[in-house]
Amino acid sequence: MAITLTEAAADHVIRFIENRGKGEALRLGVKTNGCSGMGYVLEFADTVEEEDNVFEDKGVKIIVDPKSLLYIDGTELDYGREGLNEGFKFNNPNVKDACGCGESFNV
Amino acid sequence: MALLQISEPGQTTAPHQHKLAVGIDLGTTNSLVASLKSGLAETLADTQGQHLLPSVVQFQAKDEIGYKTIVGQQAQDNAANDPLNTISSVKRYMGRGLEDIKKHSIYHFVSEEGSAVPRIRTVAGDVSAVEVSAEILKTLKQRAIESLGGELIGAVITVPAYFDDAQRQATKDAAKFAGLPVLRLINEPTAAAVAYGLDSGSEGIHVVYDLGGGTFDISILKLTKGVFEVLSTAGDSALGGDDLDHTIVDWMLAKTGIIEPDASLLRVLLDKARAAKEALTEQDTTLIQIHLDEKLHSQSDKQNSWQYELSREQFEQLIQPLIKKTLVPCRRALRDAHISVDEIQDVVLVGGSTRVPLVRQIVGDFFATQPLADIDPDKVVAIGAARQADVLAGNKSDEDMLLLDVTPLSLGLETMGGLAEKVIHRNTTIPVARAQDFTTFKDGQTAMAIHVVQGERELISDCRSLARFELRGIPPMVAGAARIRVTFQIDADGLLSVSAKEETSGVQSSIQVKPSYGLSDGEIETMLKDSFSHAQDDLDARKLREEQVEAKRVVEALLAALEEDGENLLSAQEQHTIQQAIDELSEIAEGSKQRAIKLKIEEVDKITAEFAQRRMDASINKALAGQRVNDLHT
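These protein sequence lines are chains A and B, in that order. Quick note: our numbering has the first sequence finishing at residue 107, numbered continuously throughout. Quick note: our numbering has the second sequence finishing at residue 634, numbered continuously throughout.
Calculated from the structure, these hints are not laboratory results. All figures in this text were calculated on a predicted structure; none of them were measured in a lab. A portion of the hints provided could be inaccurate.
Keeping only pairs whose Cα atoms sit at most 20 angstroms apart, straight-line, the calculated SDA-like set for lysine to any residue is [what the hints assert, rightly or not]:
| id | chain 1 | residue 1 | chain 2 | residue 2 |
| --- | --- | --- | --- | --- |
| 1 | B | Lys396 | A | Asp46 |
| 2 | B | Lys37 | A | Gly23 |
| 3 | B | Lys37 | A | Glu86 |
Looking at chain A on its own, in the form it has when it is part of the complex:
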């Protein structure tokens, strides 16, 4: 399995990293909190740890720590718009149930 991005997500990630001016990868992960157990981590990455898994899709380098990978392997990162709001979405096949807004989830 791996982590992938949609075209829209890749375009935006590349643009945001370029604008930030440093770091060249995106870190995906999970944190244990939130109303439904776990929340996503989506950060710029300045450093890669030894145990990290590194994926590459559509020109974007994605870093995931091994613990998080258990919960998000197979995820496709998408970029979408809802009304005036726009941002990234995790299409995560491991999710069993999520809270109302989908911001936190359970596996």
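Got chain A; can you put chain B on it based on the hints?
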């Protein structure tokens, strides 16, 4: 599914707890809101894709639904038909008294008995400038909530560098009315400099040249250790892009031979002029076509259609005198700041009119540097404010933290004869601590009254009084022998604390004041009550929420108390009564009747008073157990 943004490393927040903050440029003609999304500062658009919100508010008469207020483009479109109820350029009235504003306004100002705040009479009632601004802020806040997908923790709002404390205070009050927490007010030129990242760059002198629709401002900033200090400001409150349009209109009138155009023709010509001006930013020539309809035909006896080509060269000849006029305040600002042109590191361009190539050229020549113009000059202030808001909201790691606040007015204390002695001068960067020594005035004087004031004036009566306190217990000495050190300290949030210490005896006294917050919460509460019904609704909603929070706190405290001492101190019957009261309170708190919640809290308070008393006794007994009476006296 929620939409996420990319955070800085290690700054991911828990779900539903994103620290959303915005920057707001609350302008005279247009306002904007901006935020950082995945590290990129962008202004936020409305559903029509418009970023600029015209700072125009139309108040409508009450109908069966209630009062309706229109903000923005639609209000501006309605302005011609409903001029007295459609308020524009309200920023000019912020923090101003009736005398200051009456002379140049079409609005019907009224001043209520006992109130210093002038109000504009509209069909929806009398509104203050603060309330009008609050409507603009509410619209921007709503747009931001929809764009960012959540409640805001606060906003950084920009104000002109020359705004005094009353005007800044009025801006803060407007935000309070709009239910928008203010993270900080920052100066517009400072925001523009922050947008270009000059705050993280080299130290030195930066100039911000702001040519807007109707006003011109020049600010000279000095950057030291990440803090911008405003060295001087100057400007022309009646010079802007509109004047460029009028110059083109005059040229068109001269060409066509129309002598006295009526209002609607003038409107048409102004639109043509603006289009021509904008076209000449990119092109070397533009075609101006004027068609008069039959109605207007009588205004010229020869023809009803013209076509002219305006070249950029001609255009520049026309507007050159106006642009040159901006250099007068520039020179004045340089002189006030004691700065020569060769000391200037950067010039930042702000305001839509700085798109005109001639402006860039003249500014570049004058300051002998290529002006910074990469960021849209209409948006640059809002973008800088958004960057600052992001830092203040805590979305950056600590090393990026920067403080760029200065005290807008001097702080000092009253000395004999009603004079103000400044201890911290205006534009001092905060946090700061300054001390000054004072002495006694009379032989055997054992106390000293300390009166803390704010302002630039020499007489206490002209300054704003902030606080009074007394230092007592000075040992009797001859006049002038005591050494009393008064220390003024302002922390990063602008909170002032003043302490006084007599050095020989060590007696001291101190007080805390909020220098930038002239109005007490009570006064704001009163203003809120006075405001008309929809503001009243906001207030009711806030009161309800506060009451609900209080009810929740009471319920939680009681449940914890029951858990701990219920078995020991209460009979089964008493426990049951209290439990029932808690359940009732929880249920009422779910509802929306503030008064009912309040009454129920009071009732629960009474029911549980005896329980509280017993718990208190029990804990005292516990504390006293095993101690001898003698020990307790030590």
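Right, here's what the structure says about each hint:
1. B:Lys396 - A:Asp46: Judged against 20 angstroms, a Cα distance of about 14 angstroms means the pair holds.
2. B:Lys37 - A:Gly23: 17 angstroms, holds
3. B:Lys37 - A:Glu86: 9 angstroms, holds
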